[in-house]
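J.: Chain residues, written in single-letter form:
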Amino acid sequence: MDLDLTAQEVAFRDEAREWLAANVPADWAERRRRDEPMEERFAYLRRWQRRCFDAGWAGVHWPREYGGRGATLIERLIVIEEMARVGAPHLPGVIGLEMVGPTIIAFGTEAQKQRYLAKILSGEEIWCQGFSEPNSGSDLASLRADARLDGDHYVVNGQKVWTSYGWAADWCELLVRTDAGAASHKGLTCLLVDMKSPGVTVKPLRQMTGESEFAELFFENVRVPVENAVGQVNDGWRVALGTLMYERATLGAGMQVTFRRQYERLAEIARQTGKSGDAVLRQKLAQSRMEMEVMRLAQMRSVSRIVNGGVPGPEGSLQKILWSELNQRLQQTAMEVLGVYGQLAGGAEAVDGGQWAYAYLRARGNTIEAGTSEIQRNIIGHFVLGLPRSY
Amino acid sequence: MDLDLTAQEVAFRDEAREWLAANVPADWAERRRRDEPMEERFAYLRRWQRRCFDAGWAGVHWPREYGGRGATLIERLIVIEEMARVGAPHLPGVIGLEMVGPTIIAFGTEAQKQRYLAKILSGEEIWCQGFSEPNSGSDLASLRADARLDGDHYVVNGQKVWTSYGWAADWCELLVRTDAGAASHKGLTCLLVDMKSPGVTVKPLRQMTGESEFAELFFENVRVPVENAVGQVNDGWRVALGTLMYERATLGAGMQVTFRRQYERLAEIARQTGKSGDAVLRQKLAQSRMEMEVMRLAQMRSVSRIVNGGVPGPEGSLQKILWSELNQRLQQTAMEVLGVYGQLAGGAEAVDGGQWAYAYLRARGNTIEAGTSEIQRNIIGHFVLGLPRSY
Amino acid sequence: MRFDLSDEQQLLRSAAREFLTKELPMAEARRLADSGDPHDRRLWRAMAEQGWTGLAIAEAHGGCGLGLVDLAVLMEEMGRALLGGPFFASPVFAGTMLEAAGAYEEAARVASGERVATVALVEEGGVWEPEKLGMTSGLAGRKLFVQEAAAADLLVVAARDAVVVVERGAAGVEMGEMPGMDTTRRLSWVKLAGPAGKVAARGAAAVAAIDRAIEVATAALCAEMTGGMQRVQDLAVQYAKTRKQFGQPIGKFQAVQHACADMWVMTECSRAAALYAAYALDRGTADARFAVSVAKAYASDAYRECGNRGIQVHGGMGFTWDNDTHYYYKRAKASEAALGDANYHRERIARLTLDERGEGNEPRA
Amino acid sequence: MRFDLSDEQQLLRSAAREFLTKELPMAEARRLADSGDPHDRRLWRAMAEQGWTGLAIAEAHGGCGLGLVDLAVLMEEMGRALLGGPFFASPVFAGTMLEAAGAYEEAARVASGERVATVALVEEGGVWEPEKLGMTSGLAGRKLFVQEAAAADLLVVAARDAVVVVERGAAGVEMGEMPGMDTTRRLSWVKLAGPAGKVAARGAAAVAAIDRAIEVATAALCAEMTGGMQRVQDLAVQYAKTRKQFGQPIGKFQAVQHACADMWVMTECSRAAALYAAYALDRGTADARFAVSVAKAYASDAYRECGNRGIQVHGGMGFTWDNDTHYYYKRAKASEAALGDANYHRERIARLTLDERGEGNEPRA
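Chains as they are written, first to last, in our numbering: chain S, 1 to 391; chain U, 1 to 391; chain C, 1 to 365; chain B, 1 to 365.
Hints in this document: simulated from the structure, not taken from any laboratory.
Among the clues, some could well be false.
[As the list claims (entries may be wrong)] Footprint (simulated), chain C over chain S, 3 or more residues, beta carbon under 8 Å:
hint: 1; region: 9-23
hint: 2; region: 137-145
hint: 3; region: 207-214
hint: 4; region: 340-346
hint: 5; region: 355-368
Backbone N, C-alpha and C fix where the C-beta goes; we use that ideal spot for every residue, glycine too.
Work out the full structure, taking the sequences as your base and the hints as a guide.
T.: Quick look at the structure:
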């Protein structure tokens, strides 16, 4: 057991830290609290990704031949954590950087790599993923959007929901049924679809927070060239699953740092309001702090396991359960610390501009998005513990 | 809404209170903490039941014609609560009084009533129930003990577990399969079995507390006269279910008073040790106190519903969930109040002779016995909310 | 013994359910919540005509003189229907305070629905307990989290030493919005610079009036919260029966079904506790304060937890604006924070049962 | 970065697993627990021969000089196998205290297994924090909850101002049983009437030695608790796979399966926290105390909760003496109470992270 970074990793971290200190836009902290049209916000974030890309900080884990730095998993986590530490703006092309890009690198043709990868890195093209459907949430294998072959094109029809960045995306990694006769998770294919194709409609999906992070996508006779299939035809399940594994393994990465920042702020508020002297709230705050630390340690263990030879396994479900349930408890504790002020969504009296009320509501989605807590426990029960499938 | 007792109920309560004040044996409080052979303890309790019976306080809810007082449900609960209030010894014939007796009254023949009822009331004959089997715990309908007709006798073979008072019982209300060909919960019959019959073996079942409240019963070619079937042959499911309903409706009755007594004692300990000044423990104690009150109120509502025309419904599952889960939290809180002393099972340093350690362990069985918490939630889900069967 | 509604109360419940189903269907409740002004004057007049605004105010003071259990019955239905606006603030909270403070004339006009009132209680830092208030009858300073001040004609100001009635339009009264997550009832700050007002009660009488109103309002709020839980439960159970995944209605999976069962348990318990709190206050039983704290401690956690489970049962749908659950979830949070959260009321229970041989301590059998 | 066992540590784990499976099968562990004397001398000698009794004591002081992570690995296996007797009391707790107090000669004899020692720490009322102890180097008074005093040759007395080593048989030493629910490790009270003893350390050095031993013992205890959780989980999962009800293995029902998944989550988390606590103490990192409190707060709740779920998954069988789970459940309670329960360690976490910009506060990336 040795948790120290190597000299090389320390150098890498220092380089990242230095660059971030010099380049994180000073107006972001203020700006993120402000209501601004999401297009404007998005353009701002795109500029940020471009700046990161120019300095070599976008997609550090991609192989050098595709424009990355070939960073190790540890180095990659270092970048994620350093960015979270300074509260850097997030990269709007995250879906492309973290999921679609690696999928194309793993499964794509040379032509696809040439066509798409560079623009993912630079943020010139934003990607989304079309996986979930209204009737296929937890039960992804039952999806119904279909692609019928017509000459050298697929003709796609169907609907997708919960598409992050769907309203901003130039391209979509779309999972569709290409063989209607095959068993549920067979006969699926991943297509790369130009969102400007005729027949694509995007509708923002309004969440209970009032925002629309996600979108619904409608496909009506959308023609997609056959060469836009990524991976083998009818092998889309495997392609998509690889992507989801990646999602679960990395989604929690910057979180513990973000949680820590929130905790520090909450502790500050508690001290200022005298609530830090309340023994009951102290217990709840400490419990959250403990959970963050346990999450950090469990994550280090997972990463260590992957580094020492292995791909992300179903243990990703552990991370998912930890960060989502931790955050819900943390936000409830924040509400108790803020007392009657917690409910304020804005106005001069709101603490931190109302972001705690937002965070409380937003956390509610955590145990649903990216695989519900129930699904995660099914995965652990079945794949880790060897119990019979419960669904 | 009117929660006052009627003048008649007040008179009844005062009568009970007065009698109990004069008759509850003074040595019980001390004696219950002492280790004594269970036969000795049982003989003591039998004498107590006899004394209650002589004064008309055993089976008050039984019809007058069978030796009861024809007490209303309210009056019956008054007796249970008054006994709990003064910490009276419990009635060792409780299974007969609360379950078997009412079953015989409802389903039995005149001859059965004549033969059994009076001795149940007086405690001269102690009853147990043979329902659960090693492979039929939650899934009672799958039970396998069988009774084959042989002339004017049934020949019974099989095994029962979790039989309360099995080691002390003179008689057993036994649920057996009389029609092997019928569907799972059909083809069952309730037999009244003399525990002294040849072929009956009783083995105490040791619990994690170290005690043996329960027993395993083994039946090997036990001959039971056909006239000992209670209710219709092959209608045993309905007969037994009525009994279980009764169990769930009354099991929680004296509990809230007992919990209250425990809470008062715990509060006293907390004041003496200074723990009552600990804000964190105050929250946990208050939470338990609140849960007791909520349980009391929910129970009054259930009782009120039954009184105003109705039989106990699946709402009995509410009581079961409340008292069992409340008690587990209460005992954990007691452990936290007692701190390192909580674990002591005896010796001069143990608080209250180690009964808190015992209560903590014993509570663990609460969410399992008389239908697990999972089964109760299945019942609520299916029978109350109309969701599909989940098992 | 009857722990249940009388025939009259059952009629009241049916009438309220019928009225609200017709006059405030969910789509309308949502529209009002989203509109920025949840106070619908037409609906208000219709409720006043039903006698609801004067339900629990004495006949002698212009009300119907029904009891607090009746009020709880009505509030539960309102909570279920997501009625917003000043009903809670005006007849329930302010009305009770006015009546208790002896301002019968103002109470009567609130009871008739002619005037809308609200209570100005909470101060900087969230302070709200009568004995901790800083404002005196001079009325200088700010009151915060005042419900539906924008709709109110009268402000009933709870000061440390007085209950003072101030016209909203009086000189020296300024107010502004405090946007909260629950948009069915707006919150405001109110700045007072010594406006003219009518002192309804002073000293101990004022403290007693404020105290009484807080207890009554808390019990009523618990009933309203129970109604919300019921609705959240109904929505989730309905969804669990119809939504299919893996070829089954999701309600067949124990994880989902048991979540629904938990919601049912919590709603039943909360209802029993809220009804009893109202009953105990109505009868003036010795354990009334204990009963109120039990109800509020329970409901504060239970409403939120029902919301958590309700949203979870719905999966992604539960997280959308289109689903009705979030309106209840947000109100659950506002209600949890109002008049003492679960931690506060548990501590009050501890004071009543742990420190002294207090009122919650005597068995009532 | 390697958050995992080294090859040597993996070997140690395999060796320990193999040894304990052979020398302490469950039937034997149960027999010892039920026998009234859980200290098996033959087993003790065999463990000493493996070098286990000196594992974490420096080579210069007669031990093997391995680190605390190695000790954690061993303790986890022991917790899994339900090893009782004085291992925790003697080499882990007393051995560390002796070494830290500079009593190298005694430490060496404990490390070799030749002598069994135990720590006398806790006083009336459950007081155990070094700064709150009442007993002084005069050694007059009672120490309580002393583990395996009956098996010990030496008492290492933690006094307010000194660490004193006393022979068990010395004049002025009296002891008696404190029967606890966990019968794998006996508890005693020890009455001291100024017995002769060797003062190993005084003043600040004594406080530091006691403190060090408490931190190390706490981390080791967390590792042992993790092993227990693992075993409770294994038993439950195994049962859930084989026990059938309603025509299905019960593990197919989500209520049961998710309980098993929870146990797995808790065990994984507890293992990570316990390993890190050992590592942090070993390296002397700035966040070591924080790490110890995280591990103990987590394990205290988690071990009990694993027991709760483990018994529940077993249904009626889980409540029987015949089932192995209850031995772990009882030890979980004893371990929860020892060296600070979850409430205690959460408060310590609050002190470290909430009040000051304390040691647990600096990001370590």
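J.: Each of the hints needs a verdict: does it hold here or not?
T.: Status of the hints after comparison with the structure:
1. 9-23: The restraint on the region 9-23 of chain S is violated, since only 0 of its residues have a Cβ under 8 Å from chain C and three are required.
2. 137-145: holds (count 4)
3. 207-214: holds (count 3)
4. 340-346: holds (count 7)
5. 355-368: holds (count 7)
Of the numbered hints given earlier, the model fails hint 1 alone.
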